[in-house]
Structure formats: C-alpha cells, structure tokens
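J.: Quick note, the sequences are listed as chains D and B, same order. Going by this note's numbering, the first sequence opens with residue 1, and the numbers climb by one from there. Going by this note's numbering, the second sequence opens with residue 1, and the numbers climb by one from there.
Bear in mind the hints are in silico, worked out from the structure with no lab data behind them. Mixed in with the good hints there might be a few duds.
Label-pair distances were calculated between CB atoms; the ranges are [said to hold, decoys possible]: (1) B/Lys184 / D/Pro92: 33 to 43 Å; (2) D/Gln164 / B/Gln657: 23 to 33 Å; (3) B/Lys184 / D/Gly509: 35 to 45 Å; (4) B/Arg619 / D/Ile254: 27 to 37 Å; (5) B/Thr467 / D/Ile275: 29 to 39 Å; (6) D/Gly327 / B/Lys88: 51 to 61 Å; (7) D/Gln164 / B/Asn530: 50 to 60 Å; (8) D/Arg402 / B/Leu37: 28 to 38 Å.
Reference listing, derived: stretches of chain B covered by chain D, where coverage requires no fewer than 3 residues with Cβ under 8 Å from a Cβ of chain D [claimed, not checked]: (9) 21-32; (10) 138-149; (11) 180-191; (12) 197-211; (13) 340-353.
Here a beta-carbon is modelled for each residue, glycine too, at the ideal position from N, C-alpha and C.
There are 2 protein chains.
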Amino acid sequence: MNAPPDITDHPLVLFMPSGKRGRFPKGTTVLDAARQLGVYVESVCGGRATCGRCQIEVQEGHFAKHKITSSNAHISPVGPKEAQYAEKRELPAGRRLSCSATIEGDLVIDVPQDAVINAQVVRKDADNRVIERHPAVHLCYVEVPEPDMHKPLGDLDRLKAQLQKDWGYRRLEADFHILGDVQKILREGKWAVTAAIHHDEEEDAARIIALWPGLKNEAYGIACDIGSTTIAMHLVSLLSGRVVASAGASNPQIRFGEDLMSRVSYVMMNPDGRIAMTRAVRQEISKLIDKVTVESGVARTDILDAVFVANPIMHHLFLGIDPTELGGAPFALAVSGAVKAHAHDLRLGLNPGARLYVLPCIAGHVGADAAAVTLSEGPHRQDQMMLVVDVGTNAEIVLGNRKRLVAASSPTGPAFEGAEISSGQRAAPGAIERVRIDRQTLEPRFRVIGSELWSDEPGFKEAVAATGVTGICGSGIIEVIAEMYLSGIISEDGVIDGSLAARSSRIIGQGRTFSYLLHDGEPRITVTQNDVRAIQLAKAALYAGTKLLMEKQGVETVDAIRFAGAFGSFIDPTYAMVLGLIPDCELENVSAVGNAAGTGARMALLNRRYRREIEETVRKIEKIETALEPKFQEHFVHAMALPNKVDPYPKLAEQVQLPPRKVLAEGGTEAPRRRSREEREARRKR
Amino acid sequence: MNAPPDITDHPLVLFMPSGKRGRFPKGTTVLDAARQLGVYVESVCGGRATCGRCQIEVQEGHFAKHKITSSNAHISPVGPKEAQYAEKRELPAGRRLSCSATIEGDLVIDVPQDAVINAQVVRKDADNRVIERHPAVHLCYVEVPEPDMHKPLGDLDRLKAQLQKDWGYRRLEADFHILGDVQKILREGKWAVTAAIHHDEEEDAARIIALWPGLKNEAYGIACDIGSTTIAMHLVSLLSGRVVASAGASNPQIRFGEDLMSRVSYVMMNPDGRIAMTRAVRQEISKLIDKVTVESGVARTDILDAVFVANPIMHHLFLGIDPTELGGAPFALAVSGAVKAHAHDLRLGLNPGARLYVLPCIAGHVGADAAAVTLSEGPHRQDQMMLVVDVGTNAEIVLGNRKRLVAASSPTGPAFEGAEISSGQRAAPGAIERVRIDRQTLEPRFRVIGSELWSDEPGFKEAVAATGVTGICGSGIIEVIAEMYLSGIISEDGVIDGSLAARSSRIIGQGRTFSYLLHDGEPRITVTQNDVRAIQLAKAALYAGTKLLMEKQGVETVDAIRFAGAFGSFIDPTYAMVLGLIPDCELENVSAVGNAAGTGARMALLNRRYRREIEETVRKIEKIETALEPKFQEHFVHAMALPNKVDPYPKLAEQVQLPPRKVLAEGGTEAPRRRSREEREARRKR
C-alpha cells in the first residue's frame with residue numbers, strides 16, 4: 001500500500017494474541033489479512049473451506065485501548081462453503097473459517113491456538129499451556145495442472161510451481177525419496193495432493209518432505225526429553241498444537257551406569273560401549289514412539305518432525321557422538337549448536353521425510369535440556385531478574401533477564417534425589433514426602449506418598465498399610481532437615497544438638513554424633529548427622545553456583561525463582577529457602593514448573609521461531625565454569641550454613657519464624673563460635 | 001572502495017581468461033585481488049603457500065587493448081614460503097603462488113585452468129578442452145582454536161566459525177555424519193583440518209560434507225553419461241580439473257530390452273522390473289567407479305561429487321523412478337528440473353558426504369544428455385544460428401542462439417546405428433566404415449574398421465584377414481547410400497535403378513526390387529532397396545524435426561551444425577548432407593563433437609555456474625513435440641527424397657557434384673514423375 005488507505009474502505013483489524021494490526025480493503029478474507037501481517041493461522045486446504053484448520057473468533061465489544069469497536073456484524077455472514085463445512089464437521093459456536101470470512105468493518109480477531117477438528121482424543125499434558133504455533137512442517141493442499149506436451153515440465157516441477165504459486169514459497173526443493181513417488185501420488189489424487197513442507201530456517205529453501213493424494217489433514221511431531229534416568233515423550237498434533245499422547249520410560253542406559261560419569265567411563269573402557277549405549281537409547285525411543293502412536297491411533301508415518309532435548313552426555317550418546325571429552329576438562333562438546341538432521345539418520349522409523357531438531361547445548365555441563373528450560377521459562381523474555389534451576393545430579397542454573405543471561409552448572413550430587421541418604425529412596429508410594437516437627441515437643445508428623453493423611457491423623461495406619469512407611473524421598477529429606485533446623489534440633493552449621501536428647505527421645509546418640517528418629521517402625525527411619533551433611537553439601541553447591549551468577553549479574557537478590565524438573569515439582573519452596581538452596585526471594589515469586597524441558601521441546605516443535613529464539617539466546621548466554629571461579633569455594637563454605645552464613649533472608653524471615661542462632665561443635669554440644677577467615681571477611685564487607 | 005583509489009598506489013590488474021579487472025593497493029596478494037573480483041583461483045591451504053593450488057602466471061608485455069604494461073617486475077619477488085614450496089613440489093617455471101605474490105605494479109595475470117601438483121597421472125580425454133572451474137565442492141584448510149571452558153563452543157561450532165572467518169562462508173551447516181567424527185579428526189590433526197565444503201546454489205547454506213586431519217590436497221568427482229547402450233565415466237580432479245581416468249561399459253539393462261521402449265515395456269510387464277533395472281545400472285556404475293579408481297589409484301572416499309546425464313528413460317531408471325509414463329503421450333517426466341541429491345541416496349559407495357547432480361531434462365523425449373550437449377556446445381552462448389543434433393535411436397535436436405533456443409526429438413529408429421539394415425552391424429573391427437563408388441564403372445572401394453587401407457589397395461586382403469569384412473556400420477551405410485545416390489544408382493526418391501543392371505553386375509535384381517553388391521565375399525554384403533528405405537525413413541525423421549525447429553526460428557538456413565554422440569563422430573558431414581540428414585550449411589561449419597554429453601557433465605562437475613546456466617537455459621528452451629505439429633508429416637515426406645524434395649542445397653552443391661535429377665518408380669525403372677500435392681505446393685511457394 002503506497003498511498004495511505006481510505007480509512008472508511010479499509011477497516012482496522014487487530015489480531016490477538018499477537019497484537020499485530022493493519023487496515024485492509026473490505027472483502028479481504030481474514031486469512032489473507034493474517035498472512036499479510038505475518039500472523040500465523042493454520043491452513044491446509046489453502047482457502048477451500050475443507051480443512052477447517054483456519055478457525056478464528058471475533059471478539060465483540062469496544063476495545064478502548066485499541067480504539068476498535070469489534071462486532072460479528074463487521075465480518076461477512078457464513079457463506080455456503082463455510083456452512084457446508086460447519087454442518088459436516090461441527091464447527092464450534094462462535095468460530096469462523098478465516099479463509100471464507102471477509103472483513104467488512106473494524107475487528108478484533110482471536111486466533112485460537114487449539115483449533116481441533118474431528119473428535120480427536122486429547123490427552124491432558126502436565127503443562128497444558130497454549131503454545132503459539134508456527135511449525136517447521138506444514139501441510140499444503142494443491143491442485144496441480146496435468147502434464148502438457150507443449151510445456152513438458154515434470155510432475156514434480158509442476159507440483160513445485162503450484163506450491164510456490166498457492167503458498168508463496170520462494171525457493172522449493174524436494175527430498176530425494178519424493179522423486180520415486182510423485183507420479184503415482186499425483187495420479188492417485190487425480191492431480192490434487194497434500195504436500196508436507198519443511199521450512200525451518202527462513203533463509204533456506206523450503207523442502208517437500210512427504211506427499212499424499214487428496215487432502216491430508218493431520219500431521220504430528222514428537223517432543224522428547226532424554227534424561228539420564230527417564231525419557232519422556234509427547235506426541236503432538238502439528239496442526240492443532242495439542243498433545244495427543246504422552247509416555248515415559250526408564251533410560252535403558254542405566255544398565256551401563258547409574259549416573260552420567262559412570263556411563264562416560266563405560267564408553268572409555270569398552271570399545272563398543274558408545275555404540276551399545278546409542279543403540280539402547282534409540283531403541284527405547286522407538287518403543288516410546290510405539291507407545292504414543294498405539295495409544296493415540298496415529299500412524300508412525302504421520303510423524304513428520306521430532307524435537308529432542310537432553311543433557312550433554314545423553315545428547316552426544318543419542319546423536320552417536322563419543323561423550324569421552326565431556327568426562328574431563330575442558331569438557332569439550334563435539335557440537336554445541338542446534339542439530340538439524342533427518343529422523344532417518346538416526347533410524348527412528350518415522351515418515352521417511354521426517355526431520356529432527358535438537359536444541360543447542362549451553363556448555364559442557366549445561367545441555368539442551370537446560371536450553372529447553374530456558375526457552376520454556378523465558379528469563380530472556382522479561383525484565384525481572386529470574387533464577388531458573390533444574391536440579392538433578394548436576395544442577396543447571398540460569399540467571400538473568402532480557403538484557404543478559406548467565407548460566408552455570410553445579411555438582412550437587414545425588415543427595416537431592418534421595419541417594420546417599422541413610423533412609424533415602426526414590427519418590428514412590430510409602431516414601432515420606434512431607435514432615436512437620438513440633439517446636440516444643442520435637443515430635444514429628446509426616447505424610448507418605450500414596451495417602452493424603454498426616455501420620456497423626458486417624459486412619460493413617462490403615463491408609464498406609466499396603467505400602468508401609470519405607471523411607472524418605474527427595475522432598476521429604478528437604479522438609480525434615482528444614483524442620484529440624486526451624487525447631488532448633490540442628491544448628492546453623494547443621495550439627496544435631498545432642499543436648500536435646502535429654503528433652504526428647506527422638507534425639508539419639510550414635511557414636512560421636514546424633515540422629516533424629518523420624519519414624520519408629522519397620523524400617524526405623526532416622527535422619528543422621530551424615531544425612532544432614534550430604535544435604536548441606538548438595539545445597540551449598542547449588543547455592544554457590546547461584547551466588548556466582550548473581551555476582552556476575554551484580555545483584556544481591558533475585559526477583560523470581562523457577563524450579564524445573566521432577567525434584568522441583570515436589571519440594572516446598574519455603575523449605576528450599578529455609579535450607580538455603582536458593583537465595584532469598586518473595587515466596588509468591590518462587591514456583592515449580594514441572595517438566596519445563598519437555599515444554600521447551602514442545603515449543604520448539606510447534607514454533608520454528610522458538611528455535612531461532614533459543615539458538616540466539618544460547619549464543620548470548622554467558623557461561624560460568626564454576627570449577628574455574630576462584631570465589632566458588634568461599635561461596636560454598638558460606639552456603640554450608642543454614643540458610644547461609646553470610647547472606648541474609650529478610651523476605652523469608654517475614655513469612656517464617658527462623659530459629660535463634662545456635663552454633664554447635666561437630667559433637668553436637670554448644671561451643672564457642674569460631675568464625676572462619678572467609679566468614680569474617682564476608683561479614684566485614686557487608 | 002568509496003573514494004576513487006590513487007592510481008599510482010593502486011596498480012591495475014587484469015585477470016585472464018575471465019577478463020575481470022580492478023585496481024588494488026600495492027602489497028595486495030594476487031589471490032586476494034582475484035577473490036575481490038570474483039575470479040576463481042583454487043586454494044586449499046587458505047594462503048599458507050602449502051597446497052600449491054593457487055598458481056598463476058604473469059603475462060609479460062604491453063597490452064595495448066587493455067592499456068597495461070605487465071611485467072614480472074610488477075609482482076613481488078619469490079619469498080621464503082613460496083621458495084620452500086617451489087623447492088619441495090617443483091613449481092613449474094614462470095608459475096607463482098598467488099597467495100604469496102603481491103601486486104606491485106600493473107599486471108596481466110593468467111589463471112591456468114590446469115595447475116597440477118605432484119606427479120599426477122593424467123589421462124587424455126577425448127575432448128581435452130579446458131573448463132573454467134568453480135566446483136560445487138571445495139577443500140578448505142583451517143586451524144581451529146582449541147576448546148575453551150570460558151567460551152564453551154562445541155568442536156564443530158568452532159570449526160564452522162573458523163571456516164566462516166577464513167573462507168568467507170556466510171551460512172555454514174554440517175552433514176549429520178560429521179557430528180560423530182569431528183572430535184577425533186580435530187584432535188588427530190592437532191586442531192588443523194581440511195573440510196570439504198559443498199556450496200552449489202549461492203543462496204543455500206554451504207555444508208561441511210567431509211573432514212580430514214591436516215592438509216588434504218586432493219578431491220575428485222565423477223562425470224557420467226548413462227546411454228541406453230553404453231555408460232561412459234570420467235574421474236576428474238576437482239582441484240586441477242584434469243581427467244585422471246576414464247572408463248566405459250555396456251549398459252547392463254540391455255538384457256531387459258535392446259531399445260528404450262522395450263525396457264519401458266519390461267517395467268510395465270514385470271512387477272519388479274523397475275527395481276531390477278535400477279539395481280543393474282547402479283551396479284554397473286559402481287563397477288565403473290571401481291575401474292576408474294583402480295586405474296588412477298584414487299580412493300573411492302576421495303570422490304566428493306558426481307554428475308550424471310542420461311536420456312529421460314535412463315534418467316528415471318537410474319534415479320529409481322518408474323519410466324512407464326514416458327512410454328506414451330503426454331510423455332510426462334516425473335521430474336524435469338535438475339536433481340540434487342546425496343550419492344548415498346543411490347548407494348554409490350563414494351565418500352559418505354558425496355553429492356550428486358543430474359542435469360535437467362528438456363522434455364519427455366529430450367533428456368539430461370541433450371541438456372549436457374547443449375551446455376557443451378553452447379548455442380545459447382553465441383549469435384549464430386546453431387543446429388545441434390545428437391543421433392541415436394531418437395535424435396535430439398536443438399536449434400538456436402543466445403536469443404532463443406528450440407528443441408525437439410525425432411524418432412529416427414535404430415537404422416543409423418546399423419540395425420534394420422540387412423548387412424548392418426555395430427562399429428567394430430571388420431565393419432565397412434568408408435565407401436567410394438566409381439561414377440563410371442559403379443565399382444566400389446571401401447575401408448573397414450581396423451585397417452587404414454582401401455579395399456583396392458595392395459595388402460588390403462592381408463590386413464583384414466584377422467577380422468574379415470563382416471558388415472556395414474552406421475557411418476558406412478551413410479556413405480554407401482550417399483555414394484549410390486551420387487553415382488546415379490539410386491534416384492532422388494531412393495529407388496535403386498534396375499536399368500543399371502545391364503551396365504554393372506553390382507546391380508542385382510531381387511524380386512520386384514534391386515540391390516547393390518558392395519562386397520562379394522563371405523558374408524556377401526549388399527545394400528538392398530529396404531536398406532535404402534530404412535535410412536530414408538530415419539533421415540527424413542531427423543530432417544523433418546530440424547525443419548520444424550527452423551520454421552519456429554523463422555530461418556531457411558543454419559550457420560553451424562554440431563553432430564554429437566558416437567554416430568556423429570564417425571560420419572562424414574559431407575555425406576550426411578548429401579543424404580539430407582541435415583540442412584544445407586557451409587561444410588566447414590559442420591563438425592562432429594564426440595561425446596559432448598560427457599563434456600557437458602564434466603562442465604557441470606567442475607563449475608557450479610554451468611549448472612545454473614543449463615538450468616536457466618533449459619527453462620527457456622521452447623520444446624516442440626513433433627508428433628503434435630501438423631507440418632511434421634509434410635516435412636517428413638519431402639525429406640524422404642535425396643537430399644530433399646523441396647529444400648535446396650546450394651552450399652553443398654558448391655562442394656559436391658550432385659547428380660542430375662532422376663525419378664524412378666518403385667520397381668526401379670524410369671517412370672513419368674508424379675508430383676504429390678504437397679510437393680507441388682511447396683514448389684509453387686519457392
């Protein structure tokens with residue numbers, strides 16, 4: 001539009017949620033207007049009102065902020081083609097097909113991100129956030145001219161020309177496997193076909209990766225998070241964005257080594273170790289694909305795209321790369337950037353043209369899973385100083401805002417997962433997950449996984465009869481130690497106060513140290529001095545890493561904290577803060593975000609712009625190698641204290657009655673306080 | 001350069017043969033200057049004076065046309081690095097390394113297209129034209145920074161960054177198979193590696209397709225012409241452009257059907273026919289790769305690019321496409337555009353990253369081989385009206401100049417190849433290839449393949465004793481029939497004059513028609529009336545197609561004629577014109593160009609610009625389907641006459657004494673001439 005449009009003839013249209021707006025001549029279809037503004041509206045049939053993918057809703061009312069009065073009277077009435085679709089396929093009330101509805105006055109248009117056709121089985125995802133879509137793979141229906149001896153363009157060439165004409169692709173190539181199929185499919189579809197087009201990077205030529213006769217109106221992708229312990233997969237409709245099935249499995253590599261480093265050792269010691277582990281993880285992923293396709297009734301060949309996230313070692317093993325270099329300094333990744341490949345390169349058994357995208361790794365210890373968590377939580381998309389922690393055997397930590405992001409990894413060890421804890425166990429029915437200790441009597445009460453009752457409530461015994469009370473899981477150990485601290489059983493240095501044995505039979509002497517008896521059953525469940533030490537070491541590592549990042553950012557506090565991962569989902573942020581896992585923060589701004597890595601994977605699957613976003617973000621993230629930072633040790637020592645030797649927790653103190661300071665010698669008896677040199681210096685600086 | 005450079009400090013440099021010129025500051029290396037002007041100069045080591053690929057020569061003297069006085073005094077003297085290379089690797093006299101030599105005054109620089117390093121075995125190619133190079137695959141040596149924990153970029157990412165920095169690639173990706181190798185190769189090369197980069201289309205991201213530790217200074221490609229009968233392959237150095245080995249083999253598909261249509265029938269009749277034929281041709285190509293690599297001592301894995309040309313049916317079968325549609329109207333190609341693929345898609349057993357390029361097809365009957373011939377002969381690169389014919393079972397015909405090209409295919413049948421001829425045979429020792437007939441006595445003399453002696457020369461009998469005189473090959477049949485016409489044995493309508501039996505015992509009655517006895521031996525070799533008819537039908541088809549194209553171009557004559565293919569290589573243009581295979585033309589402008597299809601394939605292998613050139617040219621070529629042209633039949637009928645019923649041959653008549661017009665009835669006796677309606681009309685128009 002060179003001349004400014006005549007406003008009366010060019011109503012104003014605002015698209016939500018993107019907020020993009022523009023004026024268009026009356027009679028323009030809503031779909032055309034969306035495309036001109038770069039608003040993504042799905043469409044397979046290319047405006048023939050047959051695929052039903054391009055649904056929109058008109059927002060009625062006066063939108064003062066936008067100076068628009070929007071009404072269903074400002075859009076064309078339902079025409080015969082749209083009516084036919086609505087009748088056959090049950091268009092929901094209020095929905096219109098944007099390919100048929102034309103602009104006749106000012107409009108606020110909502111583009112729903114969950115348009116569903118047919119009676120699709122939809123499975124609720126743990127994180128059912130709606131993701132704005134712009135997938136790398138599209139379905140495009142076209143009607144191709146028949147062969148013409150006077151213009152002897154090949155079948156594929158006419159198909160390409162028509163796709164370019166109807167769908168605006170500037171440069172279009174075809175996968176090799178299409179060459180052998182194109183004749184048959186064109187004739188089977190009587191010259192009407194649906195092509196799957198892969199167009200990830202804007203600058204690359206788009207590529208025809210699959211072809212079906214007639215209108216093909218469903219395509220799927222998988223989003224998969226390969227953890228050291230578990231693999232989680234979602235099967236997602238590329239057209240509606242919905243998760244249609246999810247499945248998880250143990251990582252079969254566990255048989256080669258429980259933790260990451262033992263798997264690296266296995267590769268170093270066994271000539272075929274890498275190959276065996278690569279095969280194992282790919283086979284398990286193939287089985288998960290079986291699960292999600294069987295559950296949803298989707299054909300494997302209808303899966304056209306796949307996004308994977310993983311920590312660096314899983315990332316390398318999955319891609320067939322030797323992870324040995326990740327076992328020692330300088331922890332060199334073979335590849336850190338995003339990996340774009342064909343699913344058949346990894347023999348995943350999807351559609352022959354299916355693509356594969358693996359998010360970038362941030363550093364040798366901070367993998368594509370951490371990148372996915374970052375993408376999901378988006379510290380780089382907002383102004384507040386956000387801390388994102390993903391706690392596992394290593395904790396990955398990202399801190400920052402839209403101006404600057406810093407990231408590190410801290411070796412927390414497996415204590416948070418219940419390992420190295422005398423009564424520790426994995427989160428499973430029978431495991432203690434919640435604990436309260438009476439400040440006066442020092443008597444505990446607790447809840448176990450599988451029952452809603454507290455241990456002092458009537459019926460508890462019966463409720464847990466089937467499982468028993470078997471141990472303490474990760475969230476339980478956090479709570480019991482925090483409660484022990486809050487009730488004065490342990491000192492700020494983590495020493496169990498032996499003098500309390502006189503007051504409570506729960507305090508039990510064991511050689512030179514003391515334990516707290518949490519449950520006097522079979523088994524007896526105690527928290528030993530060693531258990532407290534293990535948690536102190538783990539949380540000190542996490543906090544020291546966080547502290548380094550805060551120093552890099554030049555901040556003393558953070559505005560918001562996100563706990564990602566299974567561990568984060570179950571712990572109570574208050575107790576995490578009481579123990580000093582995380583810095584002081586408004587408790588309402590601390591939240592668990594579940595499998596954020598999986599969510600990040602889904603975002604990259606459903607919107608190629610998120611791929612560019614995370615690639616760009618990862619390039620910019622400043623990586624801190626904790627082992628190389630001279631102050632790490634000092635922060636670590638301070639963070640051994642509860643919640644911290646030097647850092648204050650004023651916001652926490654507003655919510656929680658912190659105990660008076662108590663300093664005990666290792667034996668558990670009160671002792672004159674010896675301040676370390678570092679501590680003295682730190683205090684002097686404050 | 002914003003301000004005009006100071007002429008005294010910025011000498012003028014002209015590069016030949018490209019003719020590109022520019023001014024550069026003194027001290028600029030010749031290589032840098034070439035790059036800035038877009039002049040292609042090979043270099044692997046990136047200016048370290050170790051690969052020796054960037055050789056140039058200074059042209060001494062005053063070049064008045066260019067106003068340049070060029071001298072070796074205007075280039076920097078040989079420095080220590082260059083001297084070291086020259087000593088170790090024998091730099092030819094006069095050659096300089098352009099990465100080391102700097103501009104110190106006005107220069108005319110010759111970029112030789114055949115710089116050869118080491119004592120490479122060079123095999124002479126049939127067509128040893130020098131092809132300007134700009135291959136799609138380059139070798140690039142780089143020194144990659146070691147891993148750095150503070151900037152944890154992956155090995156591949158640092159490699160890419162260095163390649164972009166040193167070699168100017170804007171966008172660079174890596175093949176998936178590189179991921180698993182990159183760590184090991186970087187460490188093996190102590191962070192110095194050579195990458196093979198595939199960059200065909202300028203707009204696409206360049207891709208790392210192979211990687212070696214240290215300096216890798218050789219890379220090869222194959223150029224292959226898949227004919228219906230024979231497959232010919234060249235192994236070519238991508239760095240020097242030289243053909244290092246050539247080999248040929250029979251197309252093993254012959255066992256499925258001698259000619260193209262019988263192979264299409266085989267596919268239609270046998271469910272696995274297509275697969276069997278695809279496998280057969282690929283296996284044979286793999287054997288040829290064995291041959292050329294064994295002969296040259298080149299490793300298969302050093303082959304990084306492969307270019308193929310073929311007629312449409314061979315093209316489809318090679319690529320794994322069902323050719324059935326090519327068996328009938330509308331002769332629809334599955335794909336007509338150039339095919340870009342990975343060599344491993346066809347399991348050719350080259351380097352895992354090797355690429356494949358197949359030239360575009362012009363039409364359902366005019367294949368990638370015809371496109372290659374066009375690329376080789378370049379009618380589109382010049383002003384004169386050039387006719388290019390490639391004669392086989394079908395004749396492909398291209399006519400035009402830089403303004404406009406038209407193309408067609410004519411069903412000549414196999415007569416030109418010696419089939420359908422009573423004494424016809426393939427070109428092999430013992431076959432008659434040259435014939436002269438005495439105008440008075442009607443006695444013949446001839447030469448056979450394998451001997452330089454004419455049959456009437458002393459020693460002939462002994463010379464051919466080993467092979468005997470076994471039949472007539474394609475070029476022989478052209479000559480004998482042309483000589484029969486020139487000596488009055490056959491009329492302009494192709495009837496053998498039975499009345500001459502009285503004058504010569506060579507004219508022999510056979511039922512209602514007559515034959516000419518060419519050789520009275522064992523076997524007896526005669527030219528029958530049917531033989532003459534077969535050649536007339538074939539040449540009439542060829543000429544009628546040519547005539548259609550001339551009409552499309554609006555020309556009555558052509559300026560130049562190129563005969564491509566094996567048949568064209570052996571026939572004498574004069575006789576081809578006497579028979580009227582081709583239109584009248586200055587004989588000196590008619591030439592055979594040998595395996596022009598193979599040359600075109602080599603050009604596309606050695607210079608990606610030729611790929612774009614032929615893609616663009618093929619898009620523009622106007623295709624004429626002879627079967628749909630109403631005037632084809634009329635032209636065909638006129639062209640049955642020798643040389644033609646209606647078209648004059650004034651230029652031929654200047655060189656050759658054409659016989660007086662003689663019209664004979666079918667029985668071979670002189671008869672009142674009956675003119676057809678078309679003939680009368682045609683004559684009236686002249």
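J.: A separate judgement is required for each hint: does it hold in the structure or not?
T.: Hints and how they fare:
no. : hint                            : result
1   : B/Lys184 / D/Pro92: 33 to 43 Å  : violated (57 Å)
2   : D/Gln164 / B/Gln657: 23 to 33 Å : violated (59 Å)
3   : B/Lys184 / D/Gly509: 35 to 45 Å : violated (57 Å)
4   : B/Arg619 / D/Ile254: 27 to 37 Å : violated (57 Å)
5   : B/Thr467 / D/Ile275: 29 to 39 Å : violated (59 Å)
6   : D/Gly327 / B/Lys88: 51 to 61 Å  : violated (41 Å)
7   : D/Gln164 / B/Asn530: 50 to 60 Å : holds (53 Å)
8   : D/Arg402 / B/Leu37: 28 to 38 Å  : violated (44 Å)
9   : 21-32                           : violated (count 0)
10  : 138-149                         : holds (count 4)
11  : 180-191                         : holds (count 4)
12  : 197-211                         : holds (count 4)
13  : 340-353                         : holds (count 4)
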